[in-house]
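Can you make the complete structure from the sequences, with help from the hints?
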Amino acid sequence: MKKFINAPEDVVREALAGVAAAHPDLRVDLENQIIVRSDAPFSGKVGLISGGGSGHEPLHGGFVGRGMLDAAVPGEVFTSPVPDQILAATKAVDGGAGVVHIVKNYTGDVMNFQMAAELAADDGITVESVLVDDDVAVEDSTWTAGRRGTGATVFVEKIAGALADEGASAADVAAVGRRVNEASGSFAVALTACTTPAAGKPGFDLPEDEIEVGVGIHGEPGRRREKLKPAKEIAAIAVESILAAKPMAGGDRAIVMVNGLGGTPLLELYILYGHVAALLADAGVEIVHKLVGNYITSLDMAGMSLTILKADDELIRLWEAPVVTPGLRWGA
Amino acid sequence: MKKFINAPEDVVREALAGVAAAHPDLRVDLENQIIVRSDAPFSGKVGLISGGGSGHEPLHGGFVGRGMLDAAVPGEVFTSPVPDQILAATKAVDGGAGVVHIVKNYTGDVMNFQMAAELAADDGITVESVLVDDDVAVEDSTWTAGRRGTGATVFVEKIAGALADEGASAADVAAVGRRVNEASGSFAVALTACTTPAAGKPGFDLPEDEIEVGVGIHGEPGRRREKLKPAKEIAAIAVESILAAKPMAGGDRAIVMVNGLGGTPLLELYILYGHVAALLADAGVEIVHKLVGNYITSLDMAGMSLTILKADDELIRLWEAPVVTPGLRWGA
Amino acid sequence: MSQFDADAARAWVAAAAAAVKENADHLTQLDSAIGDADHGVNLNRGFTAVTAALDGFEADGPGAVLVKVGTTLISKVGGASGPLYGSAFRAIGKALAGPGVDAPTLGAALRDGLAAIRKLGAAAPGDKTIVDAWDPAVEAWDTAAAGGLAAAAEAAAEAAEAGAKATAELQARKGRASYLGARSVGHQDPGATSTALIFRALAATVS
Amino acid sequence: MSQFDADAARAWVAAAAAAVKENADHLTQLDSAIGDADHGVNLNRGFTAVTAALDGFEADGPGAVLVKVGTTLISKVGGASGPLYGSAFRAIGKALAGPGVDAPTLGAALRDGLAAIRKLGAAAPGDKTIVDAWDPAVEAWDTAAAGGLAAAAEAAAEAAEAGAKATAELQARKGRASYLGARSVGHQDPGATSTALIFRALAATVS
Ligand SMILES: Nc1ncnc2c1ncn2[C@@H]1O[C@H](COP(=O)(O)OP(=O)(O)O)[C@@H](O)[C@H]1O
Ligand SMILES: Nc1ncnc2c1ncn2[C@@H]1O[C@H](COP(=O)(O)OP(=O)(O)O)[C@@H](O)[C@H]1O
Ligand SMILES: [Mg+2]
Ligand SMILES: [Mg+2]
Ligand SMILES: [Mg+2]
Ligand SMILES: [Mg+2]
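From first to last, the protein sequence lines are chains A, B, C and D. Heads up, the first sequence is in the UniProt record's numbering, so the first residue is 1 and it goes up one at a time. Heads up, the second sequence is in the UniProt record's numbering, so the first residue is 1 and it goes up one at a time. Heads up, the third sequence is in the UniProt record's numbering, so the first residue is 1 and it goes up one at a time. Heads up, the fourth sequence is in the UniProt record's numbering, so the first residue is 1 and it goes up one at a time.
Simulated from the structure, these hints should not be mistaken for lab results. Model, not experiment: these values are computed from the prediction. One thing to keep in mind: the hints can contain errors.
To be verified - Among chain A residues calculated to face chain C with C-beta under 7 Å, some are:
no.	residue
1	P81
2	G219
3	E220
4	I287
Idealized CB from N, CA, C, for every residue including glycine.
As structure tokens, then:
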């Protein structure tokens, strides 16, 4: 394993020290391992936090700032944070209007956030939770832990963050977050497995001519393997899988993200985006906004994920609202 | 080789089609293979263009927009563009105040831009060229093609772009660009070689426990190999190499970029940045601005580059000026 | 040993910590096949913290020790296994009043631990989780409890090991491995495997 | 063949294009060792475009053909080799007046090609570049020119091949390979190798 690290067990702590040095607008609490806006809490504003295992950067720490998250709670690599951290972040951003937790649907994340929410309630803080489960690669949720939370998390954080900025209630911020999740679908394809610092070798073996279709962002293998295909066919698999689960009709508008999983060059993401745009145009769907780049990664995995959000006027307005974070910035 | 491509020879053209679909603010001329601000040319404003081989995205196409480049000229992967393209871009951005070419110091880039400048002169367009040669890993320039142009290109494009926006003359825009280059040093370390679509296999073989120190951004091997080292030591090699070539004193101010070469997670870049910040603090250097992320890449190479610019009031003011491009955005 | 007291609880936890440390790589490899390659690292981080937390910790009985263990696991492990094991140890500890307990009482407490796991994780036997080792272990314990701590713990450890081994045949329906669908079959569950280690550590302690 | 005319020029370029295509992978591999793994791809793209450009192109002599070749290489190849080979072919073409030329005249034109390469790239013999094949080739041509085109071209091709081979011993001082310092020694230069292919194609054409 070759990585720019010192020791596997220090990776998250040391990266947080780097975040602290790089972003004076953020307050990094190294003891509780949380990243908080240095101007939080805001009296009367809903506090918005999210978190999860590390290794998906810029998610979530890179999305802390005006118009998005008030705090991020990074766990160890691919391991959900613990309740203590989440509680510390919840307290740090509570301005009296309650706190909304954005939680990706993984057993560990759900349990740890749930415990933290109960502890926060004991402290008199109202917590609303938004569960993100947009990964349409997970098909039958009765036989699984349910759909995983992936790319839509970026959309939920942006849009809920914008509504929180407008002074909406915790219930309304959570409601718009749930609405974004409901209207979103994601699908990912890996060319290679990622290597966690602790494991020191790739999470799965993938032959030189095979791809992992419907892969998870934690190195979880996908649902099936296929032969390596041209970018055009991979884009079609992703678009079709999402539209099958979250149908869209001609005239619908979409916000789209073609996301790199960490080891894939931007050049390839643009090739994919070109195909996605053409496929959606064929379906009569208008792409009103898009992201092409690394937003929710899986360490060094070569791979891509596509997220499509069926948007309406309100969601588009909130998407366009100013955002000032290390990972996403416009309008200010 | 596993990549999201269709055919190796179509990579650049298809990626440009994706850029065109993704960025309506940019005009992509697929025939000439250039990316131009859709509102260019600006009467009376110096036109600023840069270009080079593809595979370094977001450089250069991701830096086209207000406050930075007026056009980018992408060549084939790792191959400098041809004079025709450069001439077409030069004409497209000429608003009567002349055009400045930002050229990275590689034999091919220098020759092709030179030829284009001569052709432009024949057409009555004044061209000033800024040669970027910041890579301190290349030591004795009498025995080589000279120092390579790498990370400082991002700084030159940003700062010269800001001065061009203020209405400065071509001579002044070029002069500030040269000043930035002169005040900058870069150094890169690779953990793995990159794979060009055409070659289909890694550009060099690097054993599992070795790193390529002083590597180039085109898969050129570095000047030496060393055993894999902790991030802290790698950061120290980079900082010391740069300061040896471009000395800084206590009280000096710097703009710093810790850049990923394409296959390295942001998590690792933050670990490196933490060490760089500590080392520069020890040297009494104040980091006034910084970038941590992928800005000038080498396809899928796992690796990092560090660029340090010794900045003064003017350079800092121009750095802080608004910029609105796909790859760099603030202040507007 | 006829009574399971605070020292026994400490000894159990120390043995479990040692077993987790020794098998950390193995657990992580199992998790690599059907999960995200961190189960050994997670538990090792947790039990290392537990060892530190118990050092100098004053306890009037096994209950206090095990509540402390659970609380520490919850605040140090994360992931799915942290809350599950943490809640289990807290439930076990809470069920143990006084300075020492006998085999049937400890068995009832272990059953409370299972209940906590099932309440939090909603997994049923056969879902290829911790439950598939823990559930047969408490069943076996109860059956053997009349024979005393050593016999009960040995029976429970054997049942947990058999249960863990049998998870290889199962298709996961809970946790990360469930995403694999039928592809999870053929791999032993990491959480069930660590549960077997924990019951084996208990058997070694009270023997 | 006693006169090098437009058809001979076309035949030379066609043979060179075929040789480049056949050896593209080899050239790219050579460039991979000490450069950026694109020399074969670059030249193949260029000569493919040249073939298309010459198709139906009306020329009154070899000069016009070769100027067209040079112009096309400049606008299609990019990198270092595009301007260098492009300028060389343009210079050769410009030096060839009339419908056909003899061996000494073609030799002088090839020397003009070398001058164009050296003017643009500033490489001296021994710098491990195209020059190390082209320079001995024109020397050999001149020495053998009295014997006619076939003899001169054969001598030039052999000299170019020997020159290309000898670059393996050299340390690069120009182009991308120069960054390697002493590590460039032991690898044959891709550009010198493609120059040898081009001279061999000429020899095959006029033989
Ligand atoms: N709902 C659940 N109930 C019981 N055990 C579970 C459940 N979900 C997961 N597990 C157990 O957790 C183990 C994985 O733990 P760990 O790898 O530490 O957490 P994570 O899956 O969050 O990475 C699985 O092998 C399984 O035994
Ligand atoms: N200054 C120069 N003069 C002559 N030949 C050169 C010079 N620089 C490079 N070359 C030749 O160009 C070859 C590389 O060409 P190519 O790979 O197509 O371009 P690039 O180096 O831009 O990728 C080298 O092998 C060398 O022979
Ligand atoms: Mg995990
Ligand atoms: Mg090249
Ligand atoms: Mg796990
Ligand atoms: Mg090359």
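Hint-by-hint comparison with the structure:
Contact between P81/A and chain C, as hinted, is supported at the beta carbon level, the nearest pair being about 6 Å apart and thus within 7 Å. Interface restraint check: G219/A against chain C, minimum CB-CB distance 5 Å, threshold 7 Å, status holds. Here the hint on E220/A is kept, as its CB sits about 5 Å from the closest CB of chain C, short of 7 Å. For I287/A, the suggested interface contact is broken, since its CB lies about 29 Å from the closest CB of chain C, more than 7 Å.
This entry does not satisfy hint 4, going by the numbered hints stated previously; all others are met.
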